[in-house]
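Chain by chain, the residues run as shown.
6 protein chains.
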Amino acid sequence: MGDDFDANLPSVRQVQTLIKDNTEVEVKLVTSDLVVGKVRWQDNNCLCILDHYDQPTIVWKQSIVFIKPKVS
Amino acid sequence: MGDDFDANLPSVRQVQTLIKDNTEVEVKLVTSDLVVGKVRWQDNNCLCILDHYDQPTIVWKQSIVFIKPKVS
Amino acid sequence: MGDDFDANLPSVRQVQTLIKDNTEVEVKLVTSDLVVGKVRWQDNNCLCILDHYDQPTIVWKQSIVFIKPKVS
Amino acid sequence: MGDDFDANLPSVRQVQTLIKDNTEVEVKLVTSDLVVGKVRWQDNNCLCILDHYDQPTIVWKQSIVFIKPKVS
Amino acid sequence: MGDDFDANLPSVRQVQTLIKDNTEVEVKLVTSDLVVGKVRWQDNNCLCILDHYDQPTIVWKQSIVFIKPKVS
Amino acid sequence: MGDDFDANLPSVRQVQTLIKDNTEVEVKLVTSDLVVGKVRWQDNNCLCILDHYDQPTIVWKQSIVFIKPKVS
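Chains as they are written, first to last, in full-length UniProt numbering: chain A, 1 to 72; chain B, 1 to 72; chain C, 1 to 72; chain D, 1 to 72; chain E, 1 to 72; chain F, 1 to 72.
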């Protein structure tokens, strides 16, 4: 595996927690797009976000600006 | 081969599945361009997308923000 | 750990000081967003910023343009 | 040589074919500029594009979003 | 230390000279922000710029477009 | 030295030729700024451009989109 996926990193574990807890998140991207949904999986390069209709979006990590839990 | 193409990665396998299934996708790029078509091949650096007229566009992976299957 | 987290680097130590001192900061991002709050933790890839309501934002370091202490 | 120039990669070979065939291409860049012309050479870091007046533009690969053959 | 801080590089030495000489500089960033002030220190990842009120801004090197001495 | 400065690369040699020949160039940057002048030196990370008043601008290579000789 590449050097940007280290299960001991707090940020990687936080994303794992978001997956496990089915937390709805907002992912801000370099284009200023905001992808909203639940994180299904992550790997070295990508996150997969499922929207309200369970449609997947494969987000490249290189384009992520921030992630935050959606405040309900 | 470079370290960003690992056939065991979920994201790489997902793209391989998109290629095999001839799925129409939307590829969002850092310029906010949206390239629509079918993924023909991928390598370490690029994806090749064929549009409706079978014209190829070689997309640099470094510029990809997200990919999603086109909802018909 | 990756090569961009080196506790001997001045910049990493400065962020550690911001965390320890609970300093309110402004983080400017490549999208021109300004995230304001306190740095809770950092790792190789990310910073976590808590806003006034203690809501966390996980900021990808790749998207940081600058950080400065908020002038009160 | 660096690890992003691998003559076995499909994308590198495709660019070599564009050079050999004197194909007119459109190169989209991160600034949204579109450089149009023929690819003269490539190396690890750059492509050289000749416009209609044979003026060269040295394009940094880091800034390429996509390349496509110009449809005549 | 990482491979992007090499005290033998002209660019690194130039920044060291700017620090030593207390030169006022303009730092252009990818967001098109212009940070004006004196360079206090640099490391692998960052530059610290002090403005006229001695307020520090920690600039990520990844976001720097250019630096030039301010013409008085 | 880092792996992006290889005197055998065509692109590096071309820039060396621009320096030796005192060629006036246009350097397009990711912010869409265009820096015009003569290249004084290059290293792994930067180019130094002198404008008409011999004022230097240290351009980070990471921000370069393209370089072309200025057509007179």
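Bear in mind the hints are in silico, worked out from the structure with no lab data behind them. Heads up, a few of these hints could be off.
Identical chains blur together in the list; that is why a pair holds if it fits in one copy or across any two.
To be verified - DSS-like cross-link-like pairs, simulated, lysine-lysine; straight-line CA separation at most 27 angstroms: (1) K68 with K38; (2) K70 with K38; (3) K20 with K68; (4) K61 with K20.
- Which of the numbered hints are not met once you compare them with the structure shown? none
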